[in-house]
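Novice: I would like the entire structure built from these sequences, with the hints used as guidance.
Residues per chain, in single letters:
6 protein chains.
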Amino acid sequence: MPPPSDEPLADDTLEQLRAVSVATVTMQLLKRGLRHTFIQGSRPLNPQHARFAAEAYTLRTVPMREDLGTLAVLADPEYPQRKAIEACPPGQVLVCDSRGEQRAGMLGDILTTRLMVRGVAAFVTDGPMRDAAAVAAIEFPTFCTGSAAPASLAAHFAVAVQEPIACGGVAVFPGDVLVGDPDGVCVIPRGIADDVARTAGEQELMEEFILERVRDGAPVPGTYPPNEATLKAFEAWRRDRT
Amino acid sequence: MPPPSDEPLADDTLEQLRAVSVATVTMQLLKRGLRHTFIQGSRPLNPQHARFAAEAYTLRTVPMREDLGTLAVLADPEYPQRKAIEACPPGQVLVCDSRGEQRAGMLGDILTTRLMVRGVAAFVTDGPMRDAAAVAAIEFPTFCTGSAAPASLAAHFAVAVQEPIACGGVAVFPGDVLVGDPDGVCVIPRGIADDVARTAGEQELMEEFILERVRDGAPVPGTYPPNEATLKAFEAWRRDRT
Amino acid sequence: MPPPSDEPLADDTLEQLRAVSVATVTMQLLKRGLRHTFIQGSRPLNPQHARFAAEAYTLRTVPMREDLGTLAVLADPEYPQRKAIEACPPGQVLVCDSRGEQRAGMLGDILTTRLMVRGVAAFVTDGPMRDAAAVAAIEFPTFCTGSAAPASLAAHFAVAVQEPIACGGVAVFPGDVLVGDPDGVCVIPRGIADDVARTAGEQELMEEFILERVRDGAPVPGTYPPNEATLKAFEAWRRDRT
Amino acid sequence: MPPPSDEPLADDTLEQLRAVSVATVTMQLLKRGLRHTFIQGSRPLNPQHARFAAEAYTLRTVPMREDLGTLAVLADPEYPQRKAIEACPPGQVLVCDSRGEQRAGMLGDILTTRLMVRGVAAFVTDGPMRDAAAVAAIEFPTFCTGSAAPASLAAHFAVAVQEPIACGGVAVFPGDVLVGDPDGVCVIPRGIADDVARTAGEQELMEEFILERVRDGAPVPGTYPPNEATLKAFEAWRRDRT
Amino acid sequence: MPPPSDEPLADDTLEQLRAVSVATVTMQLLKRGLRHTFIQGSRPLNPQHARFAAEAYTLRTVPMREDLGTLAVLADPEYPQRKAIEACPPGQVLVCDSRGEQRAGMLGDILTTRLMVRGVAAFVTDGPMRDAAAVAAIEFPTFCTGSAAPASLAAHFAVAVQEPIACGGVAVFPGDVLVGDPDGVCVIPRGIADDVARTAGEQELMEEFILERVRDGAPVPGTYPPNEATLKAFEAWRRDRT
Amino acid sequence: MPPPSDEPLADDTLEQLRAVSVATVTMQLLKRGLRHTFIQGSRPLNPQHARFAAEAYTLRTVPMREDLGTLAVLADPEYPQRKAIEACPPGQVLVCDSRGEQRAGMLGDILTTRLMVRGVAAFVTDGPMRDAAAVAAIEFPTFCTGSAAPASLAAHFAVAVQEPIACGGVAVFPGDVLVGDPDGVCVIPRGIADDVARTAGEQELMEEFILERVRDGAPVPGTYPPNEATLKAFEAWRRDRT
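Residue numbers (our numbering), protein chains in the order written: chain A, 746 to 987; chain B, 746 to 987; chain C, 746 to 987; chain D, 746 to 987; chain E, 746 to 987; chain F, 746 to 987.
These aren't lab readings, by the way, just hints derived from the structure by calculation. Mixed in with the good hints there might be a few duds.
No copy labels: a pair is met if it fits in one copy or bridges any two.
[Claimed, not checked] Okay, derived cross-link-like pairs now, DSS-like style, lysine-lysine, Cα gap no bigger than 27 Å in a straight line:
hint: 1; residue 1: Lys828; residue 2: Lys776
hint: 2; residue 1: Lys977; residue 2: Lys828
hint: 3; residue 1: Lys977; residue 2: Lys776
Specialist: Written out as structure tokens, the structure reads:
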């Protein structure tokens with residue numbers, strides 16, 4: 746596998762990305778020819794705790810098999826699901842593939858609380874969570890497909906951390922940058938995250954201006970996307986704000 | 746295609762339909778032999794802004810193809826998605842087929858705001874919306890399957906307005922009457938909308954009476970559906986209210 | 746079919762089960778080798794009214810056929826859907842298979858109100874409800890897959906009560922014990938309900954203790970699952986509370 | 746449940762139905778307002794052994810639960826799956842619901858051979874078969890969704906015979922008449938089977954004539970459906986053949 | 746909608762495309778950045794009659810509604826489904842959207858025979874056919890998702906010909922070039938069909954050479970894709986054949 | 746991840762497994778409590794070339810992303826898809842996860858031919874193949890979900906070999922034993938393969954005897970499963986054959 750970029754991100758990339766919407770980020774990715782970056786089906790359990798931008802720490806699973814998925818594995822600190830909880834660096838987002846499986850919850854309130862206490866930025870998966878009401882009450886962004894009470898062992902067996910995974914139909918490599926908001930989560934390939942962050946901020950400012958105009962009665966043609974007159978008006982508006 | 750009725754609706758049809766539930770309307774349609782009238786999977790983003798009744802203005806799409814779905818088309822006022830936003834008459838509902846596709850949002854907050862400013866009655870589709878939290882905050886009924894951040898061009902290419910479309914597994918012809926509430930949206934063939942509106946009001950009144958009775962302890966048999974004694978009691982109750 | 750146990754439940758079994766989460770109950774069932782006990786896709790319409798534990802009274806349906814599903818059947822008190830509403834004993838939960846069908850709502854506000862008035866414990870199905878906003882406002886636990894306005898006759902024909910059914914991918918026998926909370930509903934085979942109730946209470950207490958520890962900064966290894974030191978601390982904590 | 750008709754069928758009904766296609770039968774049912782009669786997803790394992798018409802003997806299942814689905818039940822002659830194999834009357838078709846479940850095969854070559862030896866007319870289910878290649882080699886119509894090696898106990902628990910069931914999205918009542926050909930299987934409500942058989946034969950003859958005409962170059966309009974001139978030509982053709 | 750190219754195709758484009766596989770054509774399209782060109786789920790009923798290349802004539806449908814889908818419409822020569830059968834020019838392929846609906850067959854043996862008699866090149870849809878065994882016996886390429894006996898009116902209502910449609914998840918515009926083989930059908934945007942045809946022939950020749958080498962024991966690296974040495978060997982092989 | 750057993754298999758284990766059906770093997774696994782061992786949806790392209798038993802060599806993929814899935818990677822001998830083709834040891838089966846994705850074929854005739862030439866035992870995936878008709882003509886067991894012409898790069902990006910994978914809803918670890926026949930493929934955890942092979946042979950012999958009896962008119966009860974009398978007759982039959 747071609748190694749994903751491991752260059753450090755620019756200092757303000759994550760901060761910039763926290764200030765823009767996922768809709769804006771996916772538009773920036775589409776402009777660069779990337780159409781498969783939005784994690785399908787994963788939504789914030791609590792839309793009040795949805796906004797984050799962070800580097801990905803990955804956890805990978807395969808389907809449960811009765812000979813492997815015994816309760817004993819949970820006591821093994823090297824069992825990858827438990828290991829990921831302790832090893833995901835503060836400030837990063839733990840992303841886990843549930844392979845679309847809806848019959849078991851990946852984490853419950855105890856493990857999610859541990860992530861929050863450790864300063865992890867968010868948790869993202871393409872399956873459900875257990876104790877979902879309790880998890881939603883934690884001040885911590887959790888993205889999933891809903892709730893299912895059975896423990897992860899009922900359907901999953903964790904096999905590794907920090908490998909590329911499939912999540913919600915898109916690829917996630919360790920170190921990719923994930924951005925979340927109430928719409929869901931998208932993945933920015935690490936190598937272009939700095940550039941996306943910069944242009945996303947520009948786009949967001951423009952859309953704020955456009956939305957103002959539309960509220961004031963401007964028609965869509967000429968406004969969105971902006972023609973030359975609108976661009977000129979935008980530049981004036983921008984100068985006025987500062 | 747047999748032309749849908751283009752007779753004007755009776756003056757109070759839409760007003761009557763705004764006062765009844767979609768459950769009531771679908772029962773009236775079932776009584777007329779119509780079993781396929783409820784748009785599958787489309788729900789109000791904000792249940793507080795769900796109730797509407799309006800004539801349908803349709804927008805049709807096909808799957809995106811990389812040679813067609815370039816960002817340049819968005820600047821073309823004749824691109825049907827943009828055209829529909831400006832051309833849907835005030836008081837009508839804009840209905841758009843997403844062909845069940847969940848990977849891209851059909852509209853975001855800017856275009857939805859424009860619809861609201863223009864006095865359009867509602868927006869209905871069988872796919873997701875972008876910026877769904879922002880759209881939900883607009884005082885405007887929006888029905889969809891949830892949220893997805895990517896722009897419509899990531900998955901759709903709009904091809905026409907005012908053609909018959911498939912939406913959520915049911916047919917919608919321009920001029921059909923759509924009724925929405927928190928349960929979702931159903932489609933009344935235009936030619937029977939006046940008649941449905943009148944009988945729906947009758948049924949709703951009856952059900953208000955029945956619900957009162959059931960709250961007071963009446964058993965279901967004889968009450969719902971009503972037998973002769975209950976019908977007589979209903980007539981009395983009805984006289985008393987006026 | 747092997748008769749399900751019809752031994753009476755221990756006096757406090759249902760009360761104990763109302764005090765624990767569905768996540769806890771499914772873990773107890775997994776420990777006994779039962780991996781298929783959580784009803785897929787069914788969630789409380791109102792998470793504030795989700796918690797219940799009760800014996801199952803079942804209603805079974807088959808797909809609608811136009812010759813059978815006429816409106817006339819609704820007036821027949823022996824039509825199983827209507828019969829179930831009047832016959833489900835107070836304190837029991839009415840469980841109905843919708844066979845995953847999403848096009849029609851199984852009950853609306855009138856029949857749900859009748860169940861509440863009669864003292865039924867809850868209603869559970871693997872399809873949608875009609876008038877879902879009105880039903881959610883009733884103080885009564887209702888579990889379903891969402892809302893659909895068409896009446897049940899548009900898609901279902903009820904054929905029997907008190908037979909084993911499939912609901913959300915799991916078997917439900919009359920007399921099995923169902924437990925619900927915001928995560929959803931699980932099924933306990935009647936013969937082991939007393940035992941599950943007792944051990945579930947133990948587990949819940951332990952998890953309360955563990956969650957406290959994790960909030961205070963304890964790492965997962967050694968804490969969850971607990972090692973000997975944690976178990977000793979738990980015993981001390983337990984003594985202190987009483 | 747309203748009892749299905751239990752009047753005996755006319756003597757030649759089944760024979761007439763064996764001579765017509767399922768496409769023809771479903772058209773006759775559509776003319777009588779019945780749109781939900783074709784079992785979805787079930788196809789003949791061997792298209793050479795697909796044609797049958799017979800009264801339905803039903804077998805009903807629910808999802809497997811580990812406490813019930815033990816291998817011991819297979820030795821119990823009263824276990825409904827085994828009972829059905831011995832009790833389905835010769836000349837009738839055994840129909841079994843697999844609830845769309847694709848993970849286990851309902852029967853294998855031993856039980857299918859027993860059905861054939863006993864003179865049963867056919868086997869129909871909406872899930873897969875085991876040993877499907879061996880089953881396909883038996884001279885016996887078997888309709889299913891494909892092959893899956895695991896035994897039925899891996900996913901199903903049989904609960905009753907001769908109850909109404911759901912199969913492939915349609916209702917099947919004991920005594921309904923099923924007709925199969927390479928397209929699949931449809932269900933005729935018993936009460937109208939005699940009438941459908943008679944008119945289906947008429948339609949089939951007409952379509953044989955129409956197909957001949959179309960092969961000879963006749964355009965569709967006026968031919969299919971036939972106008973008066975074509976009807977007259979049909980009557981002449983019919984007289985000539987006899 | 747941006748008009749698809751209506752330039753005439755080069756004289757030998759269709760002939761060249763009939764000589765190459767769909768796998769080759771999709772690779773040529775991928776090289777031009779087109780990833781969404783293969784019609785999902787549609788396979789030849791008879792793999793012996795699968796190979797074709799032709800310009801698309803389109804037929805569009807919406808879901809059946811009981812008030813529209815009466816048997817009477819079939820007698821109307823202007824009903825689009827019947828009109829398409831007579832109007833699709835010889836040598837072109839009739840493509841029809843079934844919107845993924847599996848409950849009804851789009852055409853049966855009579856209408857398919859008419860297409861064959863009229864010299865139409867093929868029929869393609871993303872739903873099933875009726876009388877599928879009889880249709881498979883006609884010497885005419887028919888691509889569909891399988892068999893379903895009910896007539897199209899049970900699920901579809903045809904609304905137009907020669908409009909852009911969605912078929913199997915991809916866009917088809919009138920005049921696009923469709924190519925079929927046992928793998929299925931892909932769509933070439935008309936404007937690039939000449940160019941694709943030319944390079945596809947080149948690729949096919951190269952792959953014939955590579956396959957020969959691999960059969961003789963050549964390893965994949967250096968052979969597929971070819972390195973300079975292999976390219977040189979290919980040129981020699983090519984000269985030798987002529 | 747707990748290391749799968751890497752003990753060598755007994756000498757005749759694979760040979761014994763080649764002589765039994767997958768139905769028999771899954772029954773042996775069910776007797777050992779393993780219910781999730783059959784790869785869902787994967788069938789032999791050519792039922793004449795379906796029977797194999799071999800150790801698994803795994804290839805893992807994630808969803809395509811436009812920045813990674815360029816045609817250039819195919820020339821890299823270290824690209825895992827190409828590497829697996831050359832590195833899978835003769836006599837082993839190459840198993841690859843397609844994550845259920847149906848839009849692209851994992852291999853075509855060139856790479857499959859290379860596997861055959863190299864003496865690989867079989868190829869198994871849970872998605873489609875390209876050039877499926879050509880692949881079916883190769884004397885080599887290929888299991889997949891059907892055909893799709895687009896190259897794997899249109900939907901997949903290969904990331905590793907010899908890691909645990911999910912395939913058709915079940916876990917496959919490197920070194921597990923896979924067995925295929927016309928029904929499909931099942932996975933035997935390596936550590937129990939010797940034992941399963943031995944008892945599977947026993948079961949198969951018994952079923953051969955039972956099938957003979959059933960053909961001769963024996964009823965199911967007492968025969969299948971066998972009671973003491975049948976077991977005694979089996980022992981006699983067995984002695985007689987040798």
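Novice: Hint by hint, say whether it matches the structure.
Specialist: Checked hints:
Taking the shortest alpha-carbon separations for lysine 828 and lysine 776, only the inter-copy value of 23 Å comes in at or below 27 Å, while the best intra-copy value is 38 Å. In the homo-oligomer, the alpha carbons of lysine 977 and lysine 828 lie at most 27 Å apart only across protomers (24 Å), although the nearest pairing inside one protomer, at 54 Å, exceeds that limit. In this homomeric assembly, lysine 977 and lysine 776 come within 27 Å of each other (Cα to Cα) only inside a single copy, at 22 Å, whereas the closest approach across copies is 39 Å.
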